[in-house]
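> Letter by letter, the chains look like this.
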Amino acid sequence: MSFLEIFQYTRQDSIIHRLDPRSKLFLTLVCAIISLLFLDIIPLLIIFASLLPLLAAAKSLRRWAKSMKGLLVLLVFIMVFNTLLSTGPYPFSYSVSLTLRLVALMTSFSLFFLTVHPDELSQALIQMRVRFEFAFAMSMAMRYVPTLGHEAYAIMDAQRSRGVELDKGNFVQRVRNIIPIIVPLIIVSIRRALSIAESMESRGFGASENRTYMERLQFRRRDWSLVIVSLGVLVTVLYLRFIVGLPDLFLWNIGF
Amino acid sequence: MIILEDVEYSYDGIYTALRGVTLQVDRGESVAIMGTNGAGKTTLIKHFNGLLRPQAGNVFLEGKDTSQMSVAEMAKIVGLVFQNPDHQLFLESCKKEIAFGLKNLGFTQEEAEERCDQTLSRLGLEGFAERSPFALSGGERKRVALASVLATEPDVLALDEPTIGQDARQKESLARMLMEMNKKGRTVIVVTHDIEFVIEHFPRTIAMSDGQIVADGDTSSVLTHEEVLERCSLTLPQMTQAAKALRHRFDNVSDRLASLSDIESIATTLLEGA
Amino acid sequence: MALVKFDDFSYKYYGADSLALKKINLTIDNGEYVVITGPSGCGKTTLCRAINGLVPRFHRGYIAGHVYVDEKDTREHEVAHFAAIAGLVFQNPENQLVTLNVEKEIAFGPENLGVNPVEVRRRVEEIIDLLDLEHLRDKHPHEMSGGEQQRVAMAATLALNPQILVADEPTSNLDPKSAEKILEIISTLNKRGMTVVLVEHRLDLVAKEATRVVLMDRGRIVADGTPTEVLVADICQDIGVGIPKATEIYKRLNAKGLRLGSVPLTGEELALLIQEGTV
Ligand SMILES: Nc1ncnc2c1ncn2[C@@H]1O[C@H](COP(=O)(O)OP(=O)(O)OP(=O)(O)O)[C@@H](O)[C@H]1O
Ligand SMILES: Nc1ncnc2c1ncn2[C@@H]1O[C@H](COP(=O)(O)OP(=O)(O)OP(=O)(O)O)[C@@H](O)[C@H]1O
Ligand SMILES: [Mg+2]
Ligand SMILES: [Mg+2]
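Protein chains in written order, with this note's numbering: chain A, 1 to 256; chain B, 1 to 274; chain C, 1 to 279.
Extracted from the complex, chain A is given alone in its bound form (with noise of 0.2 Å):
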């Protein structure tokens, strides 16, 4: 399950924790945009690198590496299938670049799930006016990919306590251990959500129109600057793209 805590929310301290949940997402989405404008090695490589200083700053590295490596069989699968499957003039080529367009996405978006607390979401995306319900639900269903880990891992504590082998055996044994807890946890996990949503009622959930918050997000100086920032950055971005071109060193493939 480890790969999941690519966009699972941590606890730290540090400047990118400290930012606005509203300019961390137009961040998130610049780089995503960014992301999706190239499908050539180099500036996908280039974007890359550039998040990782992010990651870096926003103390997240570690983890974002661990879940990677989590998921390095996947991305080994979709580029040899990409490359089986492309009917292209350079298949291995083309399907790496495919593959660092993934990664890049899923390192955009994992700065902000790595750095934005759920309840800081819903109030987000309260202050810009989404209907407490619908915020609510949002920032349920994010804590639900932590909270389905938690329970995951339960009922194989649960089932370990009880005589199942979990630890030991090879990948694919490993891998078929998962099946077990499959129902259980789709049974479990309603169960949960069920308590959770009666209690939710016995303390007034959607008793008032007026609903209100202790607290509210402010957007500050440092959130603007990084706005207008990333803003730069895309228009940039855009410019070299669609007016000047990039030049041929950026277009170069391997070759195969």
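Treat the hints as calculated values from the structure; they're not laboratory data. This structure is a prediction, so every number in the text was calculated from the model and none was measured. Incorrect hints may have been included.
Claimed, not checked - Cβ pair distances, simulated, as ranges: (1) B:I14 with C:T27: 45 to 55 Å; (2) A:I182 with B:K183: 20 to 30 Å; (3) B:S221 with A:A65: 50 to 60 Å; (4) B:K183 with A:Q12: 51 to 61 Å; (5) C:E180 with B:Q212: 18 to 28 Å; (6) B:Q212 with A:G149: 49 to 59 Å; (7) B:D117 with A:I182: 26 to 36 Å; (8) B:E92 with A:H150: 16 to 26 Å.
Idealized CB from N, CA, C, for every residue including glycine.
Using the hints provided, position chains B and C with the ligands relative to the given structure of chain A.
Showing chains B and C with the ligands alone in chain A's frame:
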């Protein structure tokens, strides 16, 4: 036999839960672990079957270092009941829940069925076999969780708060079951806040506070030690309170842990004498 | 009219074979401190759920009769509507925590009710202080011990400032000192006017503060009176409910023809009565 040597554990490397715990529980003992909320009791007993691994120190089970043993291997020896039954129950009927552990330990279908029925009825759950563990009362759920482990009669029983949600009668039948297993040579370890349950059934008590063992020894001495009670957030049970209050007036009343019958006989003598 | 009124109320969970509540008639007035007790599975939790309408609005099932809370029929109003009147602390400490840290958890209820943010902040700080939760402030519900979760759950409900506090075994995971402390807080709040309905198996902890004990068995109310009245009745033993040891001594002495001046509920009371009996 379980031995822990200087075991340390912290969650996520920040929240320290155990700071150097050393203890030994011999085969056939029955031990209670008590202490302040957040003292690390649950963290401690999760080390007994390997769900948590010491970050420093060692855990030995039956003389063997457990660092290379899997949870499943340790589970053959140690049966663990979780504090919250939600963390334990995941199947759609009570019967399946109880049969699960039995099957993993190699019991045949018939044996499993027999033990399942037997355990259910001893824990006051007759007729619950086909019911979903999710549609039960809190106390019933806890008993199903207990049944799922007690049915396998493991060498070591490690029970986290087994009396939560139980009325006096259920507590009594649970105690009886535990003591029977103990007589047959099983080791019984419970984590509990229920002082009277401990006094009545457990000769040895380990008191914890803030990730450490504060006292370990005879229940009657641990639970009358003022400083231990203070540090581990424990209070005196009613009968001992009464004995204490009476001692100020009558010097023939002793200050050890008093049982119901102790106080009854003291009161009878005093009142009849008057 | 009474704050809570059960009027011939019966209820059966969807899919269950028997009734969880059978023809319950019960009125609870403002300012009472009612302890509900009875064998495991007798319907205590179900009764609590009926007080804010979770039964039958959230838990589907067969119903007969009515429950009125603050003169409103619970069949006709949403559960959330009763949040400001009846605050429920659930039996399972973990499942009732809905946000991601303790501070937000406590704020959740008052925010829902539209309490002004400054006041919400004030309540949060007050309750963190009252229940000793400072060291848990930023912790996630999954990252706490059972007892810690239970304290937070109590905090979150008290933050609603409910007229009636309905607490379902709120001390089951607490160490004896914390349990004492929470019960002390509840009893102080009761003296300041909050009505309390508390489910508890360990009567030695709660009997001395309660104004009334309701004993249930198999979905029915089988005894209802002051703590001393109910606890000396033989029915407690018959259905397997534990009474305080001090009260037990009283009964045993009584059987031998030795009478104490009144019914003791705590060890100290017992000692005092024995002393009085010997002079
Ligand atoms: N998953 C977790 N992540 C972080 N901290 C945790 C986690 N689980 C427990 N803790 C912390 O570790 C400490 C010990 O917890 P533990 O559950 O062992 O206590 P306990 O003695 O069983 O308490 P209780 O009597 O309340 O059940 C507590 O301070 C708790 O907050
Ligand atoms: N969701 C459910 N579906 C079906 N039956 C249920 C459900 N919840 C509880 N019951 C049954 O209803 C009866 C009353 O349950 P309730 O939870 O009210 O008991 P309780 O007095 O609170 O018990 P405990 O002290 O064990 O918590 C029990 O027989 C139980 O098995
Ligand atoms: Mg615990
Ligand atoms: Mg209950």
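> Could you work out which earlier hints the structure fails to respect and list their numbers in ascending sequence?
2 and 6
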